[in-house]
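K.L.:
Residues per chain are reported as follows:
2 protein chains.
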Amino acid sequence: MNDVITLAHGAGGRQTAELIDRVFKAHFSNPQFTGDDAAVLSIGGADLAFTTDGFIVSPPDFPGGDIGKLSICGTVNDLSCMGARPLYLSCAFVIEEGFPLAKVEKYAASMARTAAEAGVRIVAGDTKVAGKGQVDHLFITTTGIGQCLAGVHTSGTLARPGDVVIVSGDVGRHGCTILLARNQFGIDADVTSDCAPLWGTVEAMLGQTKDIHVIRDATRGGVGTVLYEIASQSHVGIHLDSQSVPVHPSVRGVCGMLGLEPLYLACEGRLVIVAPECEAPAILDVLHRQPYSQDAAVIGQVTAEQPGRVILRTEIGAETMLPPPGGELLPRIC
Amino acid sequence: MNDVITLAHGAGGRQTAELIDRVFKAHFSNPQFTGDDAAVLSIGGADLAFTTDGFIVSPPDFPGGDIGKLSICGTVNDLSCMGARPLYLSCAFVIEEGFPLAKVEKYAASMARTAAEAGVRIVAGDTKVAGKGQVDHLFITTTGIGQCLAGVHTSGTLARPGDVVIVSGDVGRHGCTILLARNQFGIDADVTSDCAPLWGTVEAMLGQTKDIHVIRDATRGGVGTVLYEIASQSHVGIHLDSQSVPVHPSVRGVCGMLGLEPLYLACEGRLVIVAPECEAPAILDVLHRQPYSQDAAVIGQVTAEQPGRVILRTEIGAETMLPPPGGELLPRIC
Numbered sequence: 033m034n035d036v037i038t039l040a041h042g043a044g045g046r047q048t049a050e051l052i053d054r055v056f057k058a059h060f061s062n063p064q065f066t067g068d069d070a071a072v073l074s075i076g077g078a079d080l081a082f083t084t085d086g087f088i089v090s091p092p093d094f095p096g097g098d099i100g101k102l103s104i105c106g107t108v109n110d111l112s113c114m115g116a117r118p119l120y121l122s123c124a125f126v127i128e129e130g131f132p133l134a135k136v137e138k139y140a141a142s143m144a145r146t147a148a149e150a151g152v153r154i155v156a157g158d159t160k161v162a163g164k165g166q167v168d169h170l171f172i173t174t175t176g177i178g179q180c181l182a183g184v185h186t187s188g189t190l191a192r193p194g195d196v197v198i199v200s201g202d203v204g205r206h207g208c209t210i211l212l213a214r215n216q217f218g219i220d221a222d223v224t225s226d227c228a229p230l231w232g233t234v235e236a237m238l239g240q241t242k243d244i245h246v247i248r249d250a251t252r253g254g255v256g257t258v259l260y261e262i263a264s265q266s267h268v269g270i271h272l273d274s275q276s277v278p279v280h281p282s283v284r285g286v287c288g289m290l291g292l293e294p295l296y297l298a299c300e301g302r303l304v305i306v307a308p309e310c311e312a313p314a315i316l317d318v319l320h321r322q323p324y325s326q327d328a329a330v331i332g333q334v335t336a337e338q339p340g341r342v343i344l345r346t347e348i349g350a351e352t353m354l355p356p357p358g359g360e361l362l363p364r365i366c
Numbered sequence: 033m034n035d036v037i038t039l040a041h042g043a044g045g046r047q048t049a050e051l052i053d054r055v056f057k058a059h060f061s062n063p064q065f066t067g068d069d070a071a072v073l074s075i076g077g078a079d080l081a082f083t084t085d086g087f088i089v090s091p092p093d094f095p096g097g098d099i100g101k102l103s104i105c106g107t108v109n110d111l112s113c114m115g116a117r118p119l120y121l122s123c124a125f126v127i128e129e130g131f132p133l134a135k136v137e138k139y140a141a142s143m144a145r146t147a148a149e150a151g152v153r154i155v156a157g158d159t160k161v162a163g164k165g166q167v168d169h170l171f172i173t174t175t176g177i178g179q180c181l182a183g184v185h186t187s188g189t190l191a192r193p194g195d196v197v198i199v200s201g202d203v204g205r206h207g208c209t210i211l212l213a214r215n216q217f218g219i220d221a222d223v224t225s226d227c228a229p230l231w232g233t234v235e236a237m238l239g240q241t242k243d244i245h246v247i248r249d250a251t252r253g254g255v256g257t258v259l260y261e262i263a264s265q266s267h268v269g270i271h272l273d274s275q276s277v278p279v280h281p282s283v284r285g286v287c288g289m290l291g292l293e294p295l296y297l298a299c300e301g302r303l304v305i306v307a308p309e310c311e312a313p314a315i316l317d318v319l320h321r322q323p324y325s326q327d328a329a330v331i332g333q334v335t336a337e338q339p340g341r342v343i344l345r346t347e348i349g350a351e352t353m354l355p356p357p358g359g360e361l362l363p364r365i366c
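Note that the protein sequences, when read in sequence, are chains A and B.
In short: position in the first sequence from 1, add 32, done, that's the numbering used here.
In short: position in the second sequence from 1, add 32, done, that's the numbering used here.
The shape of chain A in the complex, shown without the other chains (with noise of 0.2 Å):
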């Protein structure tokens, strides 16, 4: 580990998990402490999921979406992959001096249009200002209460050989989209981010079956990453058909100019769920008509051979392995 911190110790692969635990894990370890996407707590008689998110997205208005809706849905998310219906959120400004008033509006607006779509309501919030060059415009964190429903058990350790994969659409839309708004690369495609509220999709699918065993939102790092992570936890293999894999056209074509995998790019809207293969019919049914897992797919499929790695089966028949996550990948798209 190196002694200063880098763009990948934030980029939410294997450096960042090393600081987890060397840093976090080490100094604050307690029973409820969590590696998942958010800790359950049991309080008082109630099961509450609770999860927070800083959000540093840079630039912050891009097609799609912008740091305010992306705020609520990154939390949202987190809580509704633990099947927790999210109840209340709590949001923490830090905005750069001479920022626009009318920006922090539009955003405090964005906030408010997506936590009324996911059922969740913003009670408490903090607004600190550092001065001019002490924060690039301005950082949002967002910390949501959940309650988890009943009888839900999904963990990124319960993936079992011969379980499917589902993406919930296509992959790598937000992360393709914050590339080409920084506009380094002098590419125009008609891209817009995934970033969507997803607990309506969750619960419909938990309302179909209970009978799934991950669900996980692929933000930094992509599905690849998420895959990975399953395949360690679980001591499983992941055996992709890459020609499963959505994958917007244009989405497609800017990765292959810049030479990136479309399963590494982040997404904001994209659940990944891994379930018995006798259950794939009835969520890919469900999926299909709510409003953003319309490009639902199975992908891929759990195997007991090669644990811990994700195997990609290309187009001509042969199998590779998709490259261990790692690296700066894309800082600051979330």
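It is possible that part of the hints are untrue.
Identical chains share a label here; the pair holds if one copy fits it or two copies do between them.
Stated by the list, open to error - As a list, the in silico DSBU-like pairs of lysine-lysine whose alpha-carbon atoms are at most 30 Å apart:
| hint | residue 1 | residue 2 |
| --- | --- | --- |
| 1 | Lys-164 | Lys-135 |
| 2 | Lys-57 | Lys-135 |
| 3 | Lys-138 | Lys-164 |
| 4 | Lys-135 | Lys-242 |
| 5 | Lys-57 | Lys-164 |
| 6 | Lys-242 | Lys-164 |
| 7 | Lys-138 | Lys-57 |
| 8 | Lys-138 | Lys-242 |
Read the hints as simulated data drawn from the structure, not as lab findings.
On the provided structure of chain A, position chain B as indicated by the hints.
P.N.:
The following block gives chain B in isolation, referenced to the frame of chain A:
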């Protein structure tokens, strides 16, 4: 209101209140949205307090503490002021690329130590890294859940004429410490921050009597700002005896040199308590036996006259209005 964010919007005074009213309350309006230190939520039979706070103090290391200790104290104290036992915290870091890992580890250790003292568990976290120059060192946002003690009803709206006003110790030490730590004035004085977790203090006090009307921690804006808020929320006047306000001689000296009012310097380990006069001796007795409130003192009285105002009786017996809070105060003290 200006068209851009100014440092005053983050100073905790009038402009902060205007920003909250105009932007956040306007958009986030709902029955649980709080103007107090924490929202009170009823979930599955449990009454919970929920609060968030961003910490951007500059410099992050100062005599008497660091940003890690401060980030736990701030949220623990906000819960405590609602009469809620702090149970669980989340923490979200935004760290500058190139920041020394050893420092991150030092702050994590401070956080763990302070959390242990307060009896609270850190259960969820998030780490983001911003590029060099895009965040000043590191920011920490903590969010807390506490369980409300039965029979406690404290709020800034509950001060009544005849009540006494107590501060739990000498005022302005934290603000003065940060001011000196910036080395902008070439003043050398022996001052350490009062930064401390106060749940033990509040619990001991509520064990003695639950007949307490207001408990507030005097952070941004200091005791003066808190008193003006109480005077306004409760529609009462507050009369202070300036000689009774405990001020450390070094703080008084620095304030004298720089023309500052100690009542407007931030504290991070001081409570303002408003309670019936008959309870004052017992409350002071408890406070004097707790580690962070040995200099607790009655500093004034609530009156029906001059509602909304804080009146200062000077050493020579003259009465003068404490100038209302406003302006930039000291930025980045928390």
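K.L.:
Could you run down the list of hints and mark each one as holding or not?
P.N.:
Results of checking the hints against the structure:
Taking the shortest Cα distances, Lys-164 and Lys-135 sit within 30 Å of each other both inside one copy (16 Å) and across copies (24 Å). Only between protomers do Lys-57 and Lys-135 lie at most 30 Å apart by alpha-carbon distance; the minimum there is 16 Å, versus 37 Å within a single protomer. For a Cα distance limit of 30 Å, the shortest separation of Lys-138 from Lys-164 qualifies both inside one copy, at 21 Å, and across copies, at 27 Å. With identical chains, the CA atoms of Lys-135 and Lys-242 are never at most 30 Å apart, being 41 Å at best within one copy and 44 Å at best between copies.
Taking the shortest Cα distances, Lys-57 and Lys-164 sit within 30 Å of each other only across copies (26 Å), while inside one copy they are farther apart (34 Å). In the homo-oligomer, the alpha carbons of Lys-242 and Lys-164 never lie at most 30 Å apart, since the shortest distance is 50 Å inside one protomer and 45 Å across protomers. When the C-alpha separation of Lys-138 and Lys-57 is checked against a cutoff of 30 Å, the pair qualifies only between copies, where the shortest distance is 14 Å, while the shortest distance within a copy is 37 Å. Taking the shortest Cα distances, Lys-138 and Lys-242 never come within 30 Å of each other, neither inside one copy (38 Å) nor across copies (43 Å).
Violated hints for the displayed structure, listed by number in ascending order: 4, 6, 8.
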